[in-house]
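K.L.:
Protein sequence lines correspond, in order, to chains F and H.
Mapping the first sequence onto our numbering, position 191 (from 1) lands on 191, and the numbers just tick up by one.
Mapping the second sequence onto our numbering, position 114 (from 1) lands on 114, and the numbers just tick up by one.
What the hints contain is simulated information worked out from the structure, not anything from laboratory work.
All figures in this text were calculated on a predicted structure; none of them were measured in a lab.
Mixed in with the good hints there might be a few duds.
The calculated DMTMM-like cross-link candidates involving lysine to aspartate or glutamate, where the alpha carbons are at most 25 Å apart (straight line), are [what the hints assert, rightly or not]:
no.: 1; chain 1: H; residue 1: Lys283; chain 2: F; residue 2: Glu44
no.: 2; chain 1: F; residue 1: Lys395; chain 2: H; residue 2: Asp371
no.: 3; chain 1: F; residue 1: Lys283; chain 2: H; residue 2: Asp88
no.: 4; chain 1: H; residue 1: Lys270; chain 2: F; residue 2: Glu273
no.: 5; chain 1: H; residue 1: Lys127; chain 2: H; residue 2: Glu87
no.: 6; chain 1: F; residue 1: Lys236; chain 2: H; residue 2: Glu44
no.: 7; chain 1: F; residue 1: Lys25; chain 2: F; residue 2: Glu401
no.: 8; chain 1: H; residue 1: Lys236; chain 2: F; residue 2: Glu401
no.: 9; chain 1: H; residue 1: Lys270; chain 2: F; residue 2: Asp274
no.: 10; chain 1: H; residue 1: Lys355; chain 2: H; residue 2: Asp274
no.: 11; chain 1: H; residue 1: Lys349; chain 2: H; residue 2: Glu65
no.: 12; chain 1: H; residue 1: Lys234; chain 2: F; residue 2: Glu401
no.: 13; chain 1: F; residue 1: Lys355; chain 2: F; residue 2: Glu375
no.: 14; chain 1: H; residue 1: Lys360; chain 2: H; residue 2: Glu390
Protein chains: 2
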Amino acid sequence: MMNIAVAQSGGPTCAINASLVGVFKESLKEASIDAIFGSVNGIEGIIQNHMINLKSMILTNDDMELLKQTPSTVLGSCRYKLPDWQEDEEVYRKITDTLKQRNIGAFFYIGGNDSMDTVNKLSEYFKNTGLDIKVIGIPKTIDNDLCITDHTPGFGSAAKYVATTMKEITRDSIVYSIPSVTIVEVMGRHAGWLTASTAVLHAMGETAPHLIYVPEVKFSLDNFLRDVRQELSKHKAVIVAVSEGIEVPDGVQSGLVDNFGHKYLSGIGKYLEDVVRNEIGCKVRSIELNVMQRCSSHLGSRTDIEESESIGAAGVRCALNGQTGRVMVFRRISDMPYTVSIDSADAGKIANQEKFLPKKFINSAGNNITDQALEYFLPLIQGELNLVMEHGIPKHFAIHESVLK
Amino acid sequence: MMNIAVAQSGGPTCAINASLVGVFKESLKEASIDAIFGSVNGIEGIIQNHMINLKSMILTNDDMELLKQTPSTVLGSCRYKLPDWQEDEEVYRKITDTLKQRNIGAFFYIGGNDSMDTVNKLSEYFKNTGLDIKVIGIPKTIDNDLCITDHTPGFGSAAKYVATTMKEITRDSIVYSIPSVTIVEVMGRHAGWLTASTAVLHAMGETAPHLIYVPEVKFSLDNFLRDVRQELSKHKAVIVAVSEGIEVPDGVQSGLVDNFGHKYLSGIGKYLEDVVRNEIGCKVRSIELNVMQRCSSHLGSRTDIEESESIGAAGVRCALNGQTGRVMVFRRISDMPYTVSIDSADAGKIANQEKFLPKKFINSAGNNITDQALEYFLPLIQGELNLVMEHGIPKHFAIHESVLK
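Bound-form chain F, shown alone:
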């Protein structure tokens, strides 16, 4: 009999708790697994030996269903980068102490490409020190920028919210008789997956978004203004989707850098709004979808939530099969009917890597997304959750904040 540990890391999504349910439920079935510990605030909880016995917290199937419609990370999160163990072993010793003390045989880390760095380093350390603790990564990110996997858990729900909201903003934008430009800023620092996914509206006969700018294409203000003028000659209300991460000449970037060395970007929508106002002079507004695009679980994609649970469960089977240093991935078998299988890949090949939009998804003018991309995006946003409501508002599963302190 062994115990296991699970933790959540990185930016919130609508699907991280579904993957936690996947790990939890699959572990319950396994006679060889006894206690299931949840680490508070990602790897930080293991370093500080701050763990919760999940069996005393998640008591019923109803609890699990609520978790699946609860956004963000119920166990808290962190942005903690492990040092190389050859250079600084102290934190690795603390982690080992906690895991040994709690008799943990497998650790599941649900997170983005930075968290997969932790999976890679920890599994290498355990191999090198002869410790039999399996470390498995369960991917998540609304950015969809992980290598090898067809797509990432959390992306489908974010894409469904962003496309739906873009459609509603389109209805909102077209009401007045004067021409207008609406610029919608979508998350994505280096990869334009989420911004590009708004093109699914074209499959429903919408002409919006009329322009889509992603970081994969070098941005030119001159081309942007030419594009907007051209669309204004065709449409009364021009809708533009733009990734937060496109680079503009005189630097909107704040210059802040996070723990992983990422530039912290914001404000591109506001910047382009000012450009349109000054250069074209028409009615213009910008809208930042902000954290709503990663936490609006009331509009989760059923496909995404179910897959996120499945990939968590698959992670448990992978560890029980004796594997370690692996990240679970989706492989797409076909677009129509949409079929995926779950496999695993070497964490070292996923950690700290980014996957960008393929060229065939971007039109030749570099200002929109091709119809070919829709076959990729559409299956990921299908289906809705049967939400449990309370007083007219979706019910969530939450741990009391005093437990998480």
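Assemble chain H onto chain F, guided by the hints.
P.N.:
For chain H alone, coordinates are given in the frame of chain F:
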């Protein structure tokens, strides 16, 4: 046999098209009503004789159901203020020409308190010139600031979206181990109804929003900072809801003024974010719910949408009963079980007036909402729509933009 005309005006909501359906469906039942004309871009369409035969546009019950889940104004909108007819009669003559030419016996105007000014002036003009054309106002506004009516169509859906999103933002905010403040800016220039409605989360056991600031209470930066510091001593992640319209000392207001003499306000959330960063120094972010709070029909309140349809239908019966210059209103019979009746009131008593939060809804410190207010708000956000989806996205009913040009 007479024809009728209907138009939509003011800022979009999720319920204006439901009221249009109410007018349309009730008129179909009436043998005395022949053509049903939709005026494009509110009263502007009547001035310019730009009308659509709605029977050739809304063909089936399915079309009507789609309209009820389509946000914004399917016929376009305007912000046009009629002059006093004693001072400038020309535009009244144009309106009369269109209505006479099209044999229109009743005109239904779906809009906010500015549009009720149009209802009042037009009906007075027709009475004074001896024209037998009934003019009836159907209220709508997410601001809920119309007098006499218990609440306004469109408010319940906006409140449901804002409260749900506030709850999801709360989950998103609590994930990291460091203290943080999240400021959510909600629409409302002079009245704090929508901001106050976020207190419904307290009925679900949420401690958030921990602070709620509405324009009805004189805002003090010193008190705000004291409040935030106090909440930070109790909660790791402090959530603040703030009306866009609260007045701060050194004027965040842009100074722009719309056609109705309203100040155009924005940016209070960003302003307070800077204040917290500079004065308290903790992690802080601000979120503007922007137009999403008025157009997110994917999370419409069923109560709101059904009531909005009913009040449109009641407007038709009111006109057929020979009344004019009336605005349809809700009267609340009881909170539990929630019961309302539909009545009408003198447009002159509603036009250009605003209704503010009653004192009993605001706590004594002026920084939160009382539990007493919840009995008022909760019934308005109950129930969800059975959305018709297409490719994973809610389907809308839209008129081709070439028709609306």
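K.L.:
Against this structure, judge whether each hint is valid.
P.N.:
Okay, the hints, checked on the actual structure:
With a CA separation close to 19 Å, the supplied pair Lys283(H) and Glu44(F) stays within the 25 Å bound. The hinted pair formed by Lys395(F) and Asp371(H) meets the criterion: a straight-line CA distance of about 20 Å does not exceed 25 Å. Between Lys283(F) and Asp88(H) the CA atoms are separated by roughly 29 Å; this puts the pair beyond 25 Å, and the hint is violated. Between Lys270(H) and Glu273(F), the direct Cα distance comes to roughly 17 Å. Compliance with the 25 Å bound is thereby established for this hinted pair.
A C-alpha spacing of about 17 Å is found between Lys127(H) and Glu87(H), which places the hinted pair at or below 25 Å, so the restraint holds. With a CA separation close to 17 Å, the supplied pair Lys236(F) and Glu44(H) stays within the 25 Å bound. Between Lys25(F) and Glu401(F), the direct Cα distance comes to roughly 24 Å. Compliance with the 25 Å bound is thereby established for this hinted pair. Proposed proximity of Lys236(H) and Glu401(F) is supported: the alpha carbons are some 8 Å apart, at most 25 Å.
The straight-line distance between the Cα atoms of Lys270(H) and Asp274(F) is roughly 17 Å, inside the 25 Å bound, and the hint therefore holds. Only pairs whose Cα atoms come within 25 Å are accepted, and Lys355(H) paired with Asp274(H) is rejected, the gap being roughly 31 Å. Note on Lys349(H) and Glu65(H): the hinted pairing is violated, with a Cα-Cα distance of about 33 Å set against a maximum of 25 Å. A distance of roughly 10 Å separates the Cα atoms of Lys234(H) and Glu401(F); the hinted pair therefore holds under the 25 Å criterion.
Using a Cα cut-off of 25 Å, the hinted pair Lys355(F) and Glu375(F) holds, with the two alpha carbons roughly 18 Å apart. For the suggested pair Lys360(H) and Glu390(H), the alpha carbons sit about 45 Å apart, so the restraint of at most 25 Å is broken.
Violated hints, listed in ascending order, are 3, 10, 11, 14; each of the other numbered hints is respected by the structure.
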